[in-house]
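All chains, please: the whole structure from these sequences, using the hints.
Under the working numbering, think of the first position of the sequence shown as 34, with each following residue one higher.
Derived by calculation from the structure, the hints in this document are not laboratory data. By construction, the Cβ of each residue, glycine as well, lies at the ideal position given by its N, Cα and C atoms. Treat the hints with care, as some may be off.
Computed spacing ranges between beta-carbons, pair by pair [what the hints assert, rightly or not]:
id, residue 1, residue 2, range
1, Lys188, Asn143, 39 to 45 angstroms
2, Asp108, Asn57, 18 to 24 angstroms
3, Asp108, Gly231, 56 to 62 angstroms
4, Val59, Glu225, 46 to 52 angstroms
5, Pro208, Ser36, 21 to 27 angstroms
6, Lys87, Thr219, 46 to 52 angstroms
7, Gln135, Ala92, 17 to 23 angstroms
8, Ile274, Lys192, 58 to 64 angstroms
9, Gln51, Tyr182, 18 to 24 angstroms
10, Pro43, Leu106, 30 to 36 angstroms
11, Asn80, Gln46, 27 to 33 angstroms
12, Ile41, Thr187, 51 to 57 angstroms
13, Thr187, Ile274, 29 to 35 angstroms
14, Arg114, Asn80, 42 to 48 angstroms
25 angstroms max Cα-Cα, derived SDA-like pairs, lysine to any residue [unchecked claim]:
id, residue 1, residue 2
15, Lys123, Ile61
16, Lys123, Asp108
17, Lys240, Leu263
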Amino acid sequence: MQSYLQSILPRLQRYSKQLNDEANFVEIPWAYMDDDEAKVTYLFRRNNELLVTKQGEVATGRWEYLPSMQSLLIDYEGKRRMYNQGFLDKTVLLLRKEGTEQLLPLANVNLLPDLNIGRYLEQRISEKEEGSTYSDSKYSDANKARRSYRELITKTGSKLIIWENNQFPGDYTIPGLKVTAEDHQTPIPDGEYPTTNGDIIVVLSGKIKEVTSDEPVPIDMVIFFSLAFLLLFLYFLWTYIEG
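So, in structure tokens, the structure goes:
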């Protein structure tokens, strides 16, 4: 997910709010899923206290906005970390650790309870760049459904998520369609992916290059072409002998 967020960050920044207006992020529960798949919630209090909760356990720290650097200084667990602004709206906060490309992705629990930041940001970019209106209100099921996808099962049991073109709904064979993993975020590595429905999905740079068939040739077609080849061979042999 880190590489995906880093790749779209330049496109997001033009739509970002600013950290210097503390009303954009204080007293809001911001959360992410850690490596143990546990939800960790950050709450920036107005008195510069930081509350961090995980599985009911609460730890405290301090935070401070540094206007000269447009950054947040976070003091937590005995460590002081500097985070630069990456992207901020009412639903998502992306903080970039100073001097690195590492992002701390946080979701407003009240507006994005499933914490699916990648899907939300993809929708955000799509709607902004296509010129449609967008509301920072709750990311509803109606918003999620605006872009449909097809889920395919590979012969190894993994899932491919193919994001369909709204102009051609239902057609997942169009070259150029985006292909992601089951989490709807992680790009699929380049390669060929035979599916249980008989297709081979060829992926290049996270998109469909082509879709071919994995189904065996019917036996009657094999017999037909074998006989045709044999007759052609006999014809050329006969003309050679006669000549």
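Taking the hints in turn, this is what the structure says about them:
1. A hinted range of 39 to 45 angstroms for the beta carbons of Lys188 and Asn143 is consistent with their spacing of about 41 angstroms.
2. For the hinted restraint 18 to 24 angstroms between Asp108 and Asn57, the CB-CB distance of approximately 21 angstroms keeps it satisfied.
3. With their beta carbons about 57 angstroms apart, Asp108 and Gly231 fall inside the hinted range of 56 to 62 angstroms.
4. A beta carbon spacing of about 50 angstroms between Val59 and Glu225 agrees with the range 46 to 52 angstroms that was offered as a hint.
5. Checked against the hint of 21 to 27 angstroms, the pair Pro208 and Ser36 passes, with Cβ atoms roughly 23 angstroms apart.
6. With their beta carbons about 24 angstroms apart, Lys87 and Thr219 fall outside the hinted range of 46 to 52 angstroms.
7. The supplied range of 17 to 23 angstroms is met by Gln135 and Ala92, whose beta-carbon atoms lie about 21 angstroms from each other.
8. At roughly 59 angstroms, the beta-carbon separation of Ile274 and Lys192 lies within the given 58 to 64 angstroms, and the hint holds.
9. Evaluation of the 18 to 24 angstroms hint for Gln51 and Tyr182 yields a failure: the beta carbon distance comes to about 33 angstroms.
10. For the hinted restraint 30 to 36 angstroms between Pro43 and Leu106, the CB-CB distance of approximately 25 angstroms leaves it violated.
11. The beta-carbon spacing between Asn80 and Gln46, approximately 30 angstroms, falls within the hinted interval of 27 to 33 angstroms.
12. About 26 angstroms separates the C-beta atoms of Ile41 and Thr187, a value inconsistent with the hinted range of 51 to 57 angstroms.
13. For Thr187 paired with Ile274, a C-beta distance near 53 angstroms fails the hint of 29 to 35 angstroms.
14. At roughly 20 angstroms, the beta carbons of Arg114 and Asn80 sit outside the given window of 42 to 48 angstroms.
15. At roughly 9 angstroms between alpha-carbon atoms, Lys123 and Ile61 fall within 25 angstroms of each other, so this suggested pair holds.
16. Among the hinted pairs, Lys123 with Asp108 is consistent with the structure: their alpha-carbon atoms are about 24 angstroms apart, no more than 25 angstroms.
17. Only pairs whose Cα atoms come within 25 angstroms are accepted, and Lys240 paired with Leu263 is rejected, the gap being roughly 42 angstroms.
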